[in-house]
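4 protein chains.
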Amino acid sequence: MPARLGATNYGKSRVRLFRVVRDGARHHVAELTVDVALEGAYQAVHLEGDNAAVLPTDTMRNTVYAMAKEHPVTPIEAFGRTLVRHFLGATHHADGARVRIAAHGWDRITVGGTPHDHSFVRGSAERRMAYVSATRGGERYSAGIEDLEVLKTTRSSFEGYIKDRFTTLPETRDRIFSTVVSARWAYSAAPADFDAAFAAVRTAMLETFAGHDSKSVQQTLFAMGTAAIDAVPEVSEIRLSLPNRHYLLFDLARFGMENANEVFVPTSEPHGLIEATVVRE
Amino acid sequence: MPARLGATNYGKSRVRLFRVVRDGARHHVAELTVDVALEGAYQAVHLEGDNAAVLPTDTMRNTVYAMAKEHPVTPIEAFGRTLVRHFLGATHHADGARVRIAAHGWDRITVGGTPHDHSFVRGSAERRMAYVSATRGGERYSAGIEDLEVLKTTRSSFEGYIKDRFTTLPETRDRIFSTVVSARWAYSAAPADFDAAFAAVRTAMLETFAGHDSKSVQQTLFAMGTAAIDAVPEVSEIRLSLPNRHYLLFDLARFGMENANEVFVPTSEPHGLIEATVVRE
Amino acid sequence: MPARLGATNYGKSRVRLFRVVRDGARHHVAELTVDVALEGAYQAVHLEGDNAAVLPTDTMRNTVYAMAKEHPVTPIEAFGRTLVRHFLGATHHADGARVRIAAHGWDRITVGGTPHDHSFVRGSAERRMAYVSATRGGERYSAGIEDLEVLKTTRSSFEGYIKDRFTTLPETRDRIFSTVVSARWAYSAAPADFDAAFAAVRTAMLETFAGHDSKSVQQTLFAMGTAAIDAVPEVSEIRLSLPNRHYLLFDLARFGMENANEVFVPTSEPHGLIEATVVRE
Amino acid sequence: MPARLGATNYGKSRVRLFRVVRDGARHHVAELTVDVALEGAYQAVHLEGDNAAVLPTDTMRNTVYAMAKEHPVTPIEAFGRTLVRHFLGATHHADGARVRIAAHGWDRITVGGTPHDHSFVRGSAERRMAYVSATRGGERYSAGIEDLEVLKTTRSSFEGYIKDRFTTLPETRDRIFSTVVSARWAYSAAPADFDAAFAAVRTAMLETFAGHDSKSVQQTLFAMGTAAIDAVPEVSEIRLSLPNRHYLLFDLARFGMENANEVFVPTSEPHGLIEATVVRE
Numbered sequence: 164m165p166a167r168l169g170a171t172n173y174g175k176s177r178v179r180l181f182r183v184v185r186d187g188a189r190h191h192v193a194e195l196t197v198d199v200a201l202e203g204a205y206q207a208v209h210l211e212g213d214n215a216a217v218l219p220t221d222t223m224r225n226t227v228y229a230m231a232k233e234h235p236v237t238p239i240e241a242f243g244r245t246l247v248r249h250f251l252g253a254t255h256h257a258d259g260a261r262v263r264i265a266a267h268g269w270d271r272i273t274v275g276g277t278p279h280d281h282s283f284v285r286g287s288a289e290r291r292m293a294y295v296s297a298t299r300g301g302e303r304y305s306a307g308i309e310d311l312e313v314l315k316t317t318r319s320s321f322e323g324y325i326k327d328r329f330t331t332l333p334e335t336r337d338r339i340f341s342t343v344v345s346a347r348w349a350y351s352a353a354p355a356d357f358d359a360a361f362a363a364v365r366t367a368m369l370e371t372f373a374g375h376d377s378k379s380v381q382q383t384l385f386a387m388g389t390a391a392i393d394a395v396p397e398v399s400e401i402r403l404s405l406p407n408r409h410y411l412l413f414d415l416a417r418f419g420m421e422n423a424n425e426v427f428v429p430t431s432e433p434h435g436l437i438e439a440t441v442v443r444e
Numbered sequence: 164m165p166a167r168l169g170a171t172n173y174g175k176s177r178v179r180l181f182r183v184v185r186d187g188a189r190h191h192v193a194e195l196t197v198d199v200a201l202e203g204a205y206q207a208v209h210l211e212g213d214n215a216a217v218l219p220t221d222t223m224r225n226t227v228y229a230m231a232k233e234h235p236v237t238p239i240e241a242f243g244r245t246l247v248r249h250f251l252g253a254t255h256h257a258d259g260a261r262v263r264i265a266a267h268g269w270d271r272i273t274v275g276g277t278p279h280d281h282s283f284v285r286g287s288a289e290r291r292m293a294y295v296s297a298t299r300g301g302e303r304y305s306a307g308i309e310d311l312e313v314l315k316t317t318r319s320s321f322e323g324y325i326k327d328r329f330t331t332l333p334e335t336r337d338r339i340f341s342t343v344v345s346a347r348w349a350y351s352a353a354p355a356d357f358d359a360a361f362a363a364v365r366t367a368m369l370e371t372f373a374g375h376d377s378k379s380v381q382q383t384l385f386a387m388g389t390a391a392i393d394a395v396p397e398v399s400e401i402r403l404s405l406p407n408r409h410y411l412l413f414d415l416a417r418f419g420m421e422n423a424n425e426v427f428v429p430t431s432e433p434h435g436l437i438e439a440t441v442v443r444e
Numbered sequence: 164m165p166a167r168l169g170a171t172n173y174g175k176s177r178v179r180l181f182r183v184v185r186d187g188a189r190h191h192v193a194e195l196t197v198d199v200a201l202e203g204a205y206q207a208v209h210l211e212g213d214n215a216a217v218l219p220t221d222t223m224r225n226t227v228y229a230m231a232k233e234h235p236v237t238p239i240e241a242f243g244r245t246l247v248r249h250f251l252g253a254t255h256h257a258d259g260a261r262v263r264i265a266a267h268g269w270d271r272i273t274v275g276g277t278p279h280d281h282s283f284v285r286g287s288a289e290r291r292m293a294y295v296s297a298t299r300g301g302e303r304y305s306a307g308i309e310d311l312e313v314l315k316t317t318r319s320s321f322e323g324y325i326k327d328r329f330t331t332l333p334e335t336r337d338r339i340f341s342t343v344v345s346a347r348w349a350y351s352a353a354p355a356d357f358d359a360a361f362a363a364v365r366t367a368m369l370e371t372f373a374g375h376d377s378k379s380v381q382q383t384l385f386a387m388g389t390a391a392i393d394a395v396p397e398v399s400e401i402r403l404s405l406p407n408r409h410y411l412l413f414d415l416a417r418f419g420m421e422n423a424n425e426v427f428v429p430t431s432e433p434h435g436l437i438e439a440t441v442v443r444e
Numbered sequence: 164m165p166a167r168l169g170a171t172n173y174g175k176s177r178v179r180l181f182r183v184v185r186d187g188a189r190h191h192v193a194e195l196t197v198d199v200a201l202e203g204a205y206q207a208v209h210l211e212g213d214n215a216a217v218l219p220t221d222t223m224r225n226t227v228y229a230m231a232k233e234h235p236v237t238p239i240e241a242f243g244r245t246l247v248r249h250f251l252g253a254t255h256h257a258d259g260a261r262v263r264i265a266a267h268g269w270d271r272i273t274v275g276g277t278p279h280d281h282s283f284v285r286g287s288a289e290r291r292m293a294y295v296s297a298t299r300g301g302e303r304y305s306a307g308i309e310d311l312e313v314l315k316t317t318r319s320s321f322e323g324y325i326k327d328r329f330t331t332l333p334e335t336r337d338r339i340f341s342t343v344v345s346a347r348w349a350y351s352a353a354p355a356d357f358d359a360a361f362a363a364v365r366t367a368m369l370e371t372f373a374g375h376d377s378k379s380v381q382q383t384l385f386a387m388g389t390a391a392i393d394a395v396p397e398v399s400e401i402r403l404s405l406p407n408r409h410y411l412l413f414d415l416a417r418f419g420m421e422n423a424n425e426v427f428v429p430t431s432e433p434h435g436l437i438e439a440t441v442v443r444e
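Chains as they are written, first to last, in the numbering used here: chain A, 164 to 444; chain B, 164 to 444; chain C, 164 to 444; chain D, 164 to 444.
The following block holds chain A by itself, in its conformation from the complex (with noise of 0.2 Å):
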């Protein structure tokens, strides 16, 4: 044989799970996205066929919905604990067990200035993660934010690059920043409360996002992930992924008009990409 297997992985990927809790005529919903992925000695799968180690993706997929019904679903951590634990005593083939969660947001309708009881309007395409991963020796712990689409039409300048033959990008000390945060977080060990941290991080980002004077997109990262690590102890280090979404000024003046930032053409493609992590000390 002149291959041999190196590192594997399967599971159940997009297992789209509705969870409503009543508290009476108030009903509390959450909609979730699980990837489910085991590690492990999958040798004589791979190699002869033989499916005896095997937990099929199918059963990942039904045990999803089961322990949906006999655990919390949130935090959406506490779920992921609950899934990668019965997932390793599933089946003792597996050395590791992952998973990921996304939760889509909805909101509750306001009728006559009153949330609604069990009525839901959208939120934003904003996503909030969970990636749990599990061995024989324990838990690990991550959280993230997905889509969180942000600007600002001031307080951002690009300035004093290198130039070559071939720049044509004029420098600027007045420009739009627009950027859809991609943000994933370790923590050293679980937060007393993970919806508290998730929250206190989002918040840290944003905040850092509109109050920063930027001098470029890579230094706003870094504020913003320092920002992050400030605001939760347990936050021991976090990946930001931003992309440069550039908002180009349209050349008015071939009109004989003046454009003072004012009229701008967002573009999708191509985009910046800056990426960095940020690493408590």
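Everything labelled a hint here was simulated from the structure, so no lab data went into it.
Wrong hints could be hidden among the right ones.
Any copy, or any two copies together, can satisfy a pair, since identical chains are not distinguished.
As the list claims (entries may be wrong) - Here are the simulated SDA-like pairs of lysine to any residue, each with C-alpha atoms no more than 25 Å apart in a straight line:
(1) K378 with H234
(2) K378 with F418
(3) K378 with G323
(4) K232 with G252
(5) K232 with L415
Here the structure of chain A is known, so what remains is to put chains B, C and D in place on it, guided by the hints.
Here is chains B, C and D on its own, set in the frame of chain A:
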């Protein structure tokens, strides 16, 4: 020639515009996607390749940005009027001009409890729409909503329908009702305040959805449309398109568990699709 | 009541079907997405919540699969006919039934130079469409193509158009012409061979696109439509929707380089949009 | 300062390029999407807002087009090499440069049985990928495939797996196997002919998929990876990611009909996900 030219239209689609208006330190923003189309006497263009009557779509694009400098872009119906009037003036070959504008939501970031002056976070995917069409005789206005996702966890039943050989759906007095509202309504005359009219229709539809004891999507649709017509005198008719996005009760009985409308599987396809027009008497 | 019910329709959308037909070891496959809609006397459903006239959309879904077992699913027009006839028979409340079918392409994998018996690779995103509608008086057939992307690197010009204050586009005798064909044509009578008719229209449009010396998208559109009408006697009219996807010449002169129509930036938005109907005389 | 900077990278993503090469009347086209990223000593950028070390991502974009004029863009690995070498030369602050190139397929339109000189139709969504990374010490090459959809209607079984309380999946000796191949393989050294190496890996994977008697996705994955390694001596390892897209047998027994693997429901979510690396011994 075995063929003749029927109805035609041409224009520019997906012109993306971002407009900043500064009120001192307070910045107001609008992000729009604009589609422009002309109709008219374009026989020679299609049959002979004679472009003398063609206002290029590239010029339409430039014009959108120029008009956004010189005229308000909100309410979007007013910007649509600016555009259709301009385009009919720009080419006598056009008999009609149509503009479709989608407004994408940006909310202010809250910093220390206060909405920020110049920093914003993306709202939901919901889009406010304006449709303005003009002929040499005048303008017509419609408005709409796209991708307004709503869900209620009770007060929705479905019973008493036709049963045949292929029926498997059980009747239910309590199900989840989830839909994505697409609505478009015509104004018999321009309302005095387009923003207020839009808000009134939106609120009427949301509150009706929340409060209605639904016997079918069809019945709720009619109630929502009626509420919209009641809310704004200038609304002459409204077309609603309501997909029925099925949230399926997961079968936990196989595992010896009860599922008292607690655990559901959200699905995207297939979906029901209920469409109707409600007309003012 | 201030409002009355206007036009309505309801049904099931995005019913996904995969059908295997075995000819010994040789397997034939069809992957379809089916939309079903009924129109009729549904006043009581909408106004009173009386579902006695409602054939549930869930039953429509079941029926699609049952009919796919008992009847051929290709040509898709014939399957559409099976479905509309069934649904009109299933409920006397319906005045009309409409079915829309999209066929997704699978090509055989070539193994050792030979097309494989039961293994397939996905084709392009192009979809063959069928639209069958029925009333109590009979059926009507249309067919179409969606997402047929084509491009030519020369033999496309655009000159002689209107110039005004907002014109910046230079005239050109040689540009890239890239579009995504959406076409829908009506048959005055069912052709003897739906597959052959579809193939003839598709070939006529592709060959015309390739061979045409284009003075505008409008002119090429009319030529393609005329070719389709010439190709199949039963085609009574055809509607074409051709976005003009701009491939922009990148300005290399700033770097002291020439760009002799060699280096382009493909763009998605904004795009021109040219639409017209060509009608058999 | 409580935080320090960890790993960083920055660059430009989704730079879309279309290149035409004319061989007399015969035109050759390439449509690429290019991502560029640099890694290096960017401490001052992130912490102090000092941009002296920053080659702007806008310049990266310009450079891609300029290099596409002066150098071949195919094979895409060679274009990647051109780019990484340029960027390392353009800034001594970078320790490493990475380029990712996706090639989008255009096939010639057949006119009267002959492939046309300058007119093209889009191929499938499958994309050929190249990944070139460079440090001051040299370059590394990987290649890959994205979105290669394949399906087989038989010769796929799944039996002998773990059963537990949550198992509902029946064992089967004959099911549909549908996946979307994502593969990425590393070259230990640049092959003499990148195009031939790519084609050999692709053919090996497709023919293995078609011919394999599959006892699990895992087993077929390993067979495909092994075939790739067998096919090209420079392939040192290959990572495969194979979603198991379930085509569910529709339950026709409820209607008194048999379903002998004839009528299926294609689904998108949830899906299995099987991933593994196969390594040359």
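field: Unmet hints by their number, sorted upward, for this structure
entry: Violated: hints 1 and 2.
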